[in-house]
Amino acid sequence: MEIKKPNRLFRWIREILDTFRQGNWAVKTSFFVFGVGNLYYGQIARGLLFLLFQIVFLVYMFLPSGGLYWLGKTKFFQTGATVGDVQGHEAFHPVYDTAYWVPGDDSVKVLLYGLLTLLFILAFFWTWRQQIKQCRLCMDITARGKGLPTAGDDLRGLADRDFHKTLLALPVLGILFFTVLPIIYMILIAFTSYDANHDGYANLFTWVGFDHFNALLDFGTGGLGLAFGEVLSWTLMWAFFATFTNYFLGILVAVLINKRGIRLKKFWRTILVLTIAIPQFVSLLYVSRLLDATGFLGKLLLKWNLIPKAMLAANQLSLWSNPIAARITLILVNIWVGIPYIMLIATGILMNIPKDLYEAARIDGANSFQQYVRITMPYMLFVTGPYLLTSFVGNLNNFNVIYLLTGGNPLNTQVGVAGGVSVGSTDLLITWLYRMTLGSAESKYYLASLIGILVFLVVAILSLIVYNMIPSTRSEEDFRG
Amino acid sequence: MSKKSLTNALIYLLLAAMAVIWLFPFVGIVLESFRVETRAQVGYLFPKEWGLDNYRHLFQNTDFPRWFLNTGFMGVAVAVLQTVFILSMSYALSRLRFRGRRLLMNSMLILGMFPGFLTLLLIYKVFVDLGLTMENAPIGLVLVYVASSGMGYYVAKGFLDTIPKTLDEAARVDGATRAQVFYKIILPLSSPIIIYTILMGFMAPWGDFMLASYLIHENSAGMNVAVGMYEWVSKTNLNHMYTIFCAAGVVVALPVITLFLSLQRYYVEGVTGGAVKG
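Those protein sequences? They're chains A and B, same order as listed.
Heads up: the first sequence is residues 327 to 807, going by the numbering used here.
Heads up: the second sequence is residues 369 to 646, going by the numbering used here.
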């Protein structure tokens, strides 16, 4: 790998230089005016498209409020500088006798246009390189005395040779604009002071460099580092328990239902599968209120005189108000949510385990439990290794179960409020993020972006480790057979 | 022999206990939705006075019908568009070999590791300018759900990978273009995965709270069922909306359950395939 990369770059540069040296006047002009080479060789449509792209780019860049203007306003990564120049402010209207808002720059938009301009510049260089490559192709093909593909050939190719371009155009564009661009934007936000007080419109926000990253190293009381550590440790704990309780119990249930001699298999399965069919927000919100002290469970216990009224009034007995009880209840409810999925998956796979393995085990005197531990589990682990990883990552980001059941509450008294954002004892990183971006006065967009980056790092590192551990890390072409 | 029947009896006991636990919330929500005497939470399940008052109130005095239609619209739109996106992506990645294919797959894997909803920090701002929030939020949400759906190609690609490549090659020898191979050979063989993708697409808007709540704050006209109903169980509304929530829950769950149970076979195929192939 390490040898390949400089080689490739070197090859690129040499190819470009060779093209310039060997090309005729049209190809040479192409280095400065897009598409001339293509036009010369008779590929009119391609040439005109390239030319059009260059004109649009240049016009955009040098327009009075075009690319250069936005780049100047954005001031990428200049610590201390505001994003945008003109601060909006209140002014007094002498005629109407009222105060009114004089809008200035909106940092949010300035940053977006700045980023788009940067990407446009990248696209410009990429297109430059593409059309030089095209010139090279034209030169080579003509030198061999063959005909060049026409625009008609290109169009027909979209259904055949280049069919992937047709198929991928929309999905990839969607991903570029709705995932890649917003994620780059989000990463940039982590280096600014964008929050509820500096929302970019009423107050411009500024570039702050690595300030927030440093704040994350503050492990004192009320420090971000402490808060992040608390939330991260519960997130990991939660993901671990949620994944493995579901996994082992789900497989166990599947084995039980599958056992020879058990009737009504379909009936038991359907009951469990109902949980998947019902939208989670209905069942989870209902269960959350059901288990509350003021809900069915609390009132029932009260009626049976199992809990004193005074404690209930003080809200001390709610499962949701005690951090430890809330965490345990979450994991238990999650078993209710998750077992059906694993049960379904396991049922399919169990059928594939070779029966003679069990025969042999039985002859050797292994009981059912030993068969489960020695045959069923290892087989399942081997086959569903990748699933365990996705399910673990899914649980790290399991917004629904946590937010709909507890909303992240109760408040984490050990940390309380860190960096201006309250921390809940059952908050996962994802629900914590969610609450700090809701647009309330507590909103800390820069913090959300920062933690978003950290979530990415956690997931990436975990995935790397697990992928190297899983035995069935599969080569794609392998199982095609 | 007797030991065996004892084990079986124990298993039945366990399964019965599980059935009770798993069904409890569903039975509870249905029973409470028929309760007339009070709309607040109570310590018993069977209503003292039965009636359809909650359902009547739900359809006459709340915005629920609007939310229901919004969600239904999103379900259908997402089901159709997302299926097109996912099938295109997974067919290209599974059957075609082109430059940048590995790069594309790896980038999607890496992008998937970011918390997805943070993309809404920017998307929300842009949508406000484009007028795709508030009462137009359903359209905005469909865009958000569908635009990046190509990243969820894994299950469908896993399925397509199992269709023998010799079929494609035979058709190519007979002079079919790659597009024709897709429409005439692969698509007809992929109905299980198409149905699975449609089912998933249709169900997503019904269950989504997180993304929807981001795009719709106050304006009731643009809400989906999850965001709208969430307000009913907040501390301030719980005491006079609780049984209404239950009734709405039943109304939302019925069509989804019916659809799901009738297409369950395809769902099982999808998740099993997805789990094994990762």
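Hints listed in this document are in silico derivations from the structure and should not be mistaken for laboratory results.
Any given hint could turn out to be false.
[Said to hold, decoys possible] In the SDA-like style, the derived pairs of lysine to any residue whose C-alpha atoms are separated by at most 25 Å in a straight line are: (1) K603/B x R615/A; (2) K591/A x A377/B; (3) K603/B x L616/A; (4) K491/A x R470/B; (5) K435/A x D497/B; (6) K491/A x P532/B; (7) K491/A x I553/B; (8) K416/B x A651/A; (9) K592/A x V388/B; (10) K459/A x R467/B; (11) K435/A x L498/B; (12) K493/B x Y426/A; (13) K591/A x L627/B; (14) K459/A x I553/B; (15) K372/B x P680/A; (16) K625/A x Y412/B; (17) K372/B x R586/A; (18) K592/A x L381/B; (19) K493/B x L445/A; (20) K592/A x P532/B; (21) K416/B x W630/A; (22) K603/B x A651/A; (23) K371/B x W630/A; (24) K416/B x K435/A.
Being a predicted model, the structure only gives us computed values, none of them experimental.
Verification of the supplied hints:
Annotation: proposed proximity of K603/B to R615/A holds, straight-line Cα distance about 10 Å (limit 25 Å). A threshold of 25 Å between alpha carbons decides the hint, and for K591/A with A377/B the separation of about 15 Å falls inside it, so the pair holds. Our distance criterion of 25 Å between C-alpha atoms is met by K603/B and L616/A, whose separation comes to about 14 Å. Proposed proximity of K491/A and R470/B is supported: the alpha carbons are some 15 Å apart, at most 25 Å.
Using a Cα cut-off of 25 Å, the hinted pair K435/A and D497/B holds, with the two alpha carbons roughly 10 Å apart. Using a Cα cut-off of 25 Å, the hinted pair K491/A and P532/B holds, with the two alpha carbons roughly 23 Å apart. Our distance criterion of 25 Å between C-alpha atoms is met by K491/A and I553/B, whose separation comes to about 20 Å. As the CA atoms of K416/B and A651/A are separated by approximately 32 Å, the hinted pair breaks the 25 Å bound.
This hinted pair checks out: K592/A and V388/B have alpha carbons roughly 16 Å apart, not beyond 25 Å. Taking the CA atoms of K459/A and R467/B, the gap is near 15 Å; set against the 25 Å cutoff, the hint holds. At most 25 Å may separate the alpha-carbon atoms for a hinted pair to count; K435/A and L498/B meet this at roughly 13 Å. Only pairs whose Cα atoms come within 25 Å are accepted, and K493/B paired with Y426/A is accepted, the gap being roughly 23 Å.
Of the pairs offered as hints, the one joining K591/A and L627/B holds, with about 21 Å between alpha carbons and a cut-off of 25 Å not exceeded. The suggested pairing of K459/A with I553/B is violated, with an alpha-carbon distance near 35 Å, which exceeds 25 Å. For the suggested pair K372/B and P680/A, the alpha carbons sit about 23 Å apart, so the restraint of at most 25 Å is met. Straight-line distance between C-alpha atoms of K625/A and Y412/B comes to about 8 Å, which keeps the hinted pair within the 25 Å bound.
About 11 Å separates the Cα atoms of K372/B and R586/A, which keeps this hinted pair within 25 Å; it holds. A threshold of 25 Å between alpha carbons decides the hint, and for K592/A with L381/B the separation of about 17 Å falls inside it, so the pair holds. Taking the CA atoms of K493/B and L445/A, the gap is about 19 Å. The hint holds against a cut of 25 Å. This hinted pair does not check out: K592/A and P532/B have alpha carbons roughly 32 Å apart, beyond 25 Å.
Taking the CA atoms of K416/B and W630/A, the gap is about 19 Å. The hint holds against a cut of 25 Å. For the hint linking K603/B to A651/A, the alpha-carbon distance of about 21 Å falls within 25 Å, and the restraint holds. About 39 Å separates the Cα atoms of K371/B and W630/A, which puts this hinted pair outside 25 Å; it is violated. At most 25 Å may separate the alpha-carbon atoms for a hinted pair to count; K416/B and K435/A exceed this at roughly 58 Å.
Hint compliance for this structure: hints 8, 14, 20, 23, 24 are not met, and every other hint is.
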